[in-house]
Amino acid sequence: MKNIIQTKLTVLVCLVFTICSCSDFLEEDLSAQLTPEGDALANENGLTAALVGVYSPLTKTWQSGFETAATQGILMGGDDLTTHKASNKSDFREFDQFNVAQQNGRLPFIWRGAYKSIQGSNNIIANYQNATGNESVINQIAGEAYFLRAYNYFWIVRLWGKAPILLNSQVYDPENLTMSSSPTEEIYAQIISDLEQSISLMQKLKPATGRASQGTAKAILAEVYLQMAGWPLKDTSKYAMAASIAKDLIDNQDEYGFGLMDNFIDLWPSETINNDGNKEEVFALNFSAVIASNSNSAYGNAARPGELGGWDDYFSEIAFFNNFPDQLRKEITFQTELPDGTPWEQFNTGRPYYEKLQGDALTWRNSLSLPLERMAEVYFNYAEAQVMATGDSTDPDALEAVNKIVRRAYGLPLNTPDASVDYTSLTQAQIVQEKAWEFAGEYCRWFDLTRLEMVESVTANKNPDDLQPLGEIKYYMPLPARETLVNPGLNNY
Amino acid sequence: MKKKQKSRVFLPWHLNYELKMRISLLLFITLSFAMQANSSYGQKTKISIDKTQATLKEIINDIELSTDFKFLFITKTVNLNKKVSIRVKKASIQNVIETLFDTSKISYEIDGRKILLKSKEINNDLLVNSTQTVEIKAEPQIIVNGKITDANSNPLLGVNIIEKGTNNGATADFDGNFSINVEDGNAVLVISSIGYISIEVPINGRTTLNIILEEDTSGLEEVVIVGYGVQSKKDLTGAISIVKTEDYKDQPVTRVDQILQGRTPGVNVTNSSGAPGGTVSIRIRGANSINGSNEPLYVIDGFVGADFRDVNPADIESMQVLKDASSTAIYGSRGSNGVVLITTKSGRIGKPRISFTVRGSISNSISEWDLLDAATFAQVVNERAASFGQPAKFTQSDIDQFRINGGTDWQDELFITGYGQEYQLNYSGGSDKVSYFVSGNYLNQTGIVVNSDFTRFGLRTNIKADLTDKLTADIKMNFNKRETNNVNGEGNTSGALAGPLTWAPTTPARDENGQFTILDPTSSIKANPLESAYNDNISEVNILTANGSLNYEFFEGLTLNVGYGLSYSNTQNKDFSLQLLIDTPSASRSSTESLFLQNTNNLTYKKTFNDVHNLTVTGVFENQTRKIDGFGTNASNLLYPIFKYDNLTLVEASSSYAIKRKETLLSYIGRLNYGYMDKYLLTASVRSDGSSKFRGNNRYSTFPSVALGWRITKENFMQNSFFDELKLRASWGQTGSQAIGPFGTVTTLATDENSGSASFDGNTLLPGIVLGNPGNSDLKWETTDQINFGIDMQFFNNRMGMSLDYYEKSTKDLLLNTPLPLYVGGGIITENVGQVDNSGFEIGINAAIVNNDNFKWDATFNGSFLKNNIANLGDLDEIFLDGSVGGGITNMPENILTPGHSISSYWGLNYLGTWKTSQAAEAAQFGNVPGDSRYQDINGDSAINGDDYMIIGQGMPKATYGLNNIISYKNFTINIFFNAMTGYDKWNFGYATGIMPNVDAREVIHVDILDRWEAGTNENSNIPQFSPTSLEEIQSSRFIESGDFVRLKNLSVAYDIPKEKLGGLGIQVLVSGTNLITWTNYKGLDPESFSNNGIGDSSGGDAGSYPNSKTWTVGINLNF
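Residue numbers (this note's numbering), protein chains in the order written: chain A, 1 to 493; chain B, 494 to 1613.
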């Protein structure tokens, strides 16, 4: 009987223990996962998806990038933008009053988006040469990766001055957690190198309205040189380089698919036509508000008055509006009264609003394109660089570049000289001021003021009723708190 | 029936001690079985005995040893030492009995395997051809007849009845009837039976007695289910709390968490959402893990990792909470957070029993916010505008109109009366081979907030069968369907319940067409709270669980149990939101199925050597697979919003996704229980777990434990002590936590549309990929070391008991999500760094305060005291956690992890009240004026900013208490149950939203604003004035409040209509009130509920969480 029991026992135990002793029982099932070790970027399709992932961090609503009023916020040191004096706008006020805390909630948007985008660029740059597929498509993708890496560093260097340069951040390396910031010069050197690389790889025409092309890279390169000519590097030799590249782009703008729109109003969305993808968009982020996290929220409610259901995030300073010359462009740029006729002086905030940025409906969830670089800016950059490089304030090409835009501002045909509005000579200051009117509330006033060290003088001319600086005026932003928490040695001063 | 270890007891009727190990050489017994369903064991069992001059004791014992028959009789009536000769071959048990005993003197009854011997004449011994002399007693005078039943009126057989002070006794028959002759009418009967509390009944001249015996639940013989086995309660060495059915049977519990709340020391149950079927947080001995779940492991009928929501409380037979490492280490890598063992009911042999319960309930919110009426609000808005130099928003005639017509009371719009109904039907029974328990239940509850409800259907079938004498099988099947809508209450500032604190009372709830108002022109930027409330968040969970096991006994003591479990669940989520603000009605659907398989093989050997060494050895091999497959679609801009989630084709845009995951676990388990003389107890266990989530050498981990117990009352020197029981326990062990999901060790690319997608044409959303968090191939388990010291005491004749436990837990190699800087791509990397310590003290007291025939008062009290502390975070000094509790209203991380503090620490400015007039100069340094908010300037730079943030509170209760009273008087039972939580802070985001303007609300709505600082008249107020220079910071100690509360959790009265009046039908009527009174200083709606989208183990943030309700329940229970 004992034997029988033992046999039974043995059989049962063996049975039980063999049920699941397959050797791969504990292997992790990765069949539905995409891993970098796999073939994620091995072909054209993978690179295309990866490229989408390079643009994506620049458009992640409420997370990272340029698509919220945080972009207007971080540029609020300029005289064209201000915010509500009370309400819930303390983050914005910190920018307007040069008193930005590391913990400011709007501070990390661009930093976060730019570096995540850089990580994606690095991944493409590391992999595209071994990928299979149509070579010109792959080169275009690689060129955009180089371009975006440069463009992201350009924003970082202008806002923070010094910052870490990562060219292989697609691979996690614990050493990076203790690295330090690179000096401004090195960042610019990297930007120029990447832009040159991207110009050599990309096609002349954009593959889609929301993507970059050779022309885009050239426009940005000209702007980079212009920026380098001013504070803090003050390398005035760069004016000539800026002028030469901008000139080339202007002269061949049709080849690149660029040009100036005939009417200023056609640059902005209206209820009937949104004008997205127009030829003046040199670089514009595109959105599909199908998902909330891919919405252009810099436009829309953020720019509307609270009386109409808007959020009062940003609007014009009083002096800036008052100094703005009376012209068609001013009417298009600003909302100066409510539908019931209430004039802006009686708005709750007592300021005119940027009508051109209000979008086409009362919503924060826009699919409208967000132009970060317009052809008009290339014209201005050219004019300024040319005047500064030659020292000739009557350089005819420079004058014509600015006058086209001035004529348009008055609703005149832009290619027909008109003595009533045309400049006959132009100083750098005049060009930059004209640029301020054209790009009011857009993305260049603060950078013009800093590179020309004009912030103090412009701020001194503020209307006394506008928000005033709290303490010393600072040209650079502090690093977001998270960065120094993890890497306490990191700084940008 | 298999042979069981027979317990050593000292009751006189029990024969069967100490001999059962011996095998008689003179006797052999052959058994043959006929396996027919309707034949009784007694009829089919044939016995062969060949024995001369053996004592009756030996023969009976050998029959018991070799067959399943069990003899029941009073030792005094049977002379066990009588020598007998017997020789039968393949005889029936009747033959054997009639041969052994003189049937003229004794009678016998056979019920299945039990043989009841009764003396026909109580004073005679049983004699068979014997010359044995017998002591003759005087003939007693009075015959007393009676019947003995249990509390449920079921007859108790074999109960021992002895006339006190004599040897005179009798035994109850199968119907519980007995008859005894006693000396006179003053005699006292001592009635005793195993498992029941012995009582003494004075006859007082009566000749008929109906006696009810109460089950002895505190008895030392109580069997407790432990992991992978059972143990006698007296032999326990670990810290295990037993939740008794009696403690809550008169309360209308509908969920398992309601049973656990306040009833067990060391267990803290918090309803984060008070909605029916809402989320609940359960912590056993604090929280160990920062990244991982801190919810305990649930083991239901042996299924490891089950969901407690699948169990209908009425089906629960027993529930144990395993707390220390010696009890939880057997669950190895999943035991860190404690284990809750639930066993569902089985049928019992006997007549079918049917029970039907119906209950109805009505609920209301326990409190409401104190908010401004429309007219006052409008005035306040104007006053604020004036303070900022802005024009008035409301004209005087507006205000007058509001004064006359009122405005919108958003709370009235949102809060409604909730109703509930519940039906329970179960029946059970069994023959000697098969028993069954079947139950069905239906529960439907509507919440106290519009459009929130919970429905549950359940069906359970538990069957147990003896296939052969050695082989038993059981199967438990449970189907559960749960449907919930909006029960998690969103809990953040965008949720409906935050709405009344942001939406102006001057704004109508609906427009003239009855449609929800889209925009609040005055205050809120969020959606109309009614719109939010009427959005659907439906979850339909269908679960079918089946587990069956075969139990085979090779020989006495050695059993193999092979169990298979399968749990299949399908979850359907249906969401719809109107999104009027952006005019984008959206919906989503998802279907997720999960399959959970378990195979457990348990080999147990149990034996007592030399009567003093009790040994149980258990070996288990177990494997589990859990697969999840799902997909879903999100759609926006529905062309026909009326279809909600039911038509996702007629939409402007949609996107789909699929998920697939698999986890496997392979485990080897061993345990040894050893007891010497019932005095010295040892438990040692080890479990080795291998998991698919880890790699290489980290794949397997081993979790050992050891525990010692000393029953001091078993020592000779304690024989006459004050204590009925005194036991010391000590244990140490290790447990683990997986804390991460699959794929933690590999870097993957994120492919979901929220991570990587973008548009190149302003229209189509293109799929994109971005790098996800870097994987860390070196990850391993979190390991928790725990030591526990405990004392169990019983005194006052077991009327009072007390258990004390002290523990220290230390969880190291925390699987911590270390944030990465944004410049390397942000995100996190999971690493094994850091250590969290928990230590605490627990006390449990139970007392039978009054114990009379008609009046009884039983009380249990428990208290738990916890200290939670981060010991280290590896190289990091601090980690900040961003939650979404504050929605957009907070800019800084809301929680901080830093050594020396609780893992639930709040981060913010220290609010010092308002600047007083005398402090004007100092205030000016900060750009403030008197009446402005004043904060502590930690770094002394005369500016208030991020450098001045500090820890301003913590959300983990340091103490929890429960006090349960069961008072019965005749047929009434009253249950009074209090629970309390103290020593924690709530972060009252809701109040903050109402009392200060912020990103969500531009105006102030809470009435406290009327008491704000005012120069000259109200300068003591710490509510700042309206001032452009005042920094109003939500992340400050101004909004941190103590959450301490004491709550009358339950008050119920049950009345049992006497059975005699209803011809044997048992009816109980119940009236019960839940959450009737809450004593607290907390300004929010409910100090218990919190926003469940908090982070880490932060349980104190309250940004519009769903409050608990005050509920009245009426119920009727019928027993047939």
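Hints in this document: simulated from the structure, not taken from any laboratory. Backbone N, C-alpha and C fix where the C-beta goes; we use that ideal spot for every residue, glycine too. Be a bit skeptical, because a hint or two may be false.
According to the in silico footprint, chain A covers these stretches of chain B (three or more CB under 8 Å from chain A) [unchecked claim]:
hint, segment
1, 780-789
2, 1145-1154
Covered stretches of chain A (in silico footprint by chain B; criterion: 3 or more residues with CB under 8 Å from a CB of chain B, positions within the stretch not fixed) [stated by the list, open to error]:
hint, segment
3, 107-116
4, 484-492
Results of checking the hints against the structure:
For the segment 780-789 of chain B, the stated coverage by chain A is violated: 0 residues have a C-beta nearer than 8 Å to a C-beta of that chain, whereas at least 3 were required. Proximity of the segment 1145-1154 of chain B to chain A, defined as three or more residues with a beta carbon under 8 Å from a beta carbon of that chain, is established by the 7 residues found. Check on the segment 107-116 of chain A: 5 of its residues sit with their Cβ under 8 Å from a Cβ of chain B, so the three-residue criterion for coverage holds. Only when three residues or more bring their CB closer than 8 Å to a CB of chain B does the claim for the segment 484-492 of chain A stand; here the count is 4, and the claim holds.
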